[in-house]
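Q: Go ahead and model the full structure; you've got the sequences and the hints to work with.
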Amino acid sequence: MTTTMAAKGGDQSDDGGKERRFGQDVYRPYSGRFKAHARARFLSPGIMYTVNLVFKFLRHQNSTHMFFVLKYQLGEETESSISYLTFARENGWREVELYQFTSDSTCFDLDIQFQCQGNDHNLAYFETIIEGIEFRPVEKVS
1 MTTTMAAKGG
11 DQSDDGGKER
21 RFGQDVYRPY
31 SGRFKAHARA
41 RFLSPGIMYT
51 VNLVFKFLRH
61 QNSTHMFFVL
71 KYQLGEETES
81 SISYLTFARE
91 NGWREVELYQ
101 FTSDSTCFDL
111 DIQFQCQGND
121 HNLAYFETII
131 EGIEFRPVEK
141 VS
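Under our numbering, think of the first position of the sequence shown as 1, with each following residue one higher.
Derived from the structure by calculation, the hints contain no laboratory data. Check the hints yourself; a few may be wrong.
[Stated by the list, open to error] In silico lysine to any residue, SDA-like type, Cα no more than 20 Å apart, as pairs:
#, residue 1, residue 2
1, Lys35, Phe57
2, Lys35, Asp109
3, Lys140, Phe108
[What the hints assert, rightly or not] Simulated DEER-style distance windows between Cβ atoms:
#, residue 1, residue 2, range
4, Ser44, Phe67, 19 to 29 Å
5, Glu97, Arg33, 13 to 23 Å
6, Ser105, Phe67, 31 to 41 Å
7, Arg33, Thr78, 11 to 21 Å
8, His37, Lys71, 12 to 22 Å
9, Ser83, Leu58, 28 to 38 Å
10, Glu76, Arg41, 14 to 24 Å
Given the structure is predicted, the values throughout are model-derived calculations rather than measurements. By construction, the Cβ of each residue, glycine as well, lies at the ideal position given by its N, Cα and C atoms.
A: Structure (structure tokens):
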């Protein structure tokens with residue numbers, strides 16, 4: 001499986017390449033707003049996948065689970081969704097689940113618009129580095 005991410009609304013950032021899985025530059029959004037196009041190829045039909053945003057706070061956050069308000073809109077949907085909880089990975093990056101789907105083909109494309117929610121008192125909401133969008137298999141659907 002391969003994934004690509006094209007994002008608009010920020011700039012490329014260099015984190016020194018530490019613990020990066022996607023092998024490309026990371027992305028730092030401006031003011032917590034950005035758009036991404038995620039494309040997965042070589043998916044297995046009949047498998048349920050989760051779509052996760054993989055990111056890191058510029059200010060180190062030690063907690064395993066953390067409250068984080070991320071508003072996002074998938075594809076052509078008219079309503080936005082909100083995720084409130086991120087999970088720490090062993091490598092220092094964090095993830096938040098955005099979507100689940102069962103693959104009916106080997107390809108999947110998804111446009112996502114993001115808006116991190118925060119206020120002037122908590123600037124960590126806007127100080128993030130985006131590594132990419134991950135498609136993770138969950139289970140086989142019979």
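Q: Hint compliance check: list the failing hint numbers for this structure, sorted ascending.
A: 4 and 9
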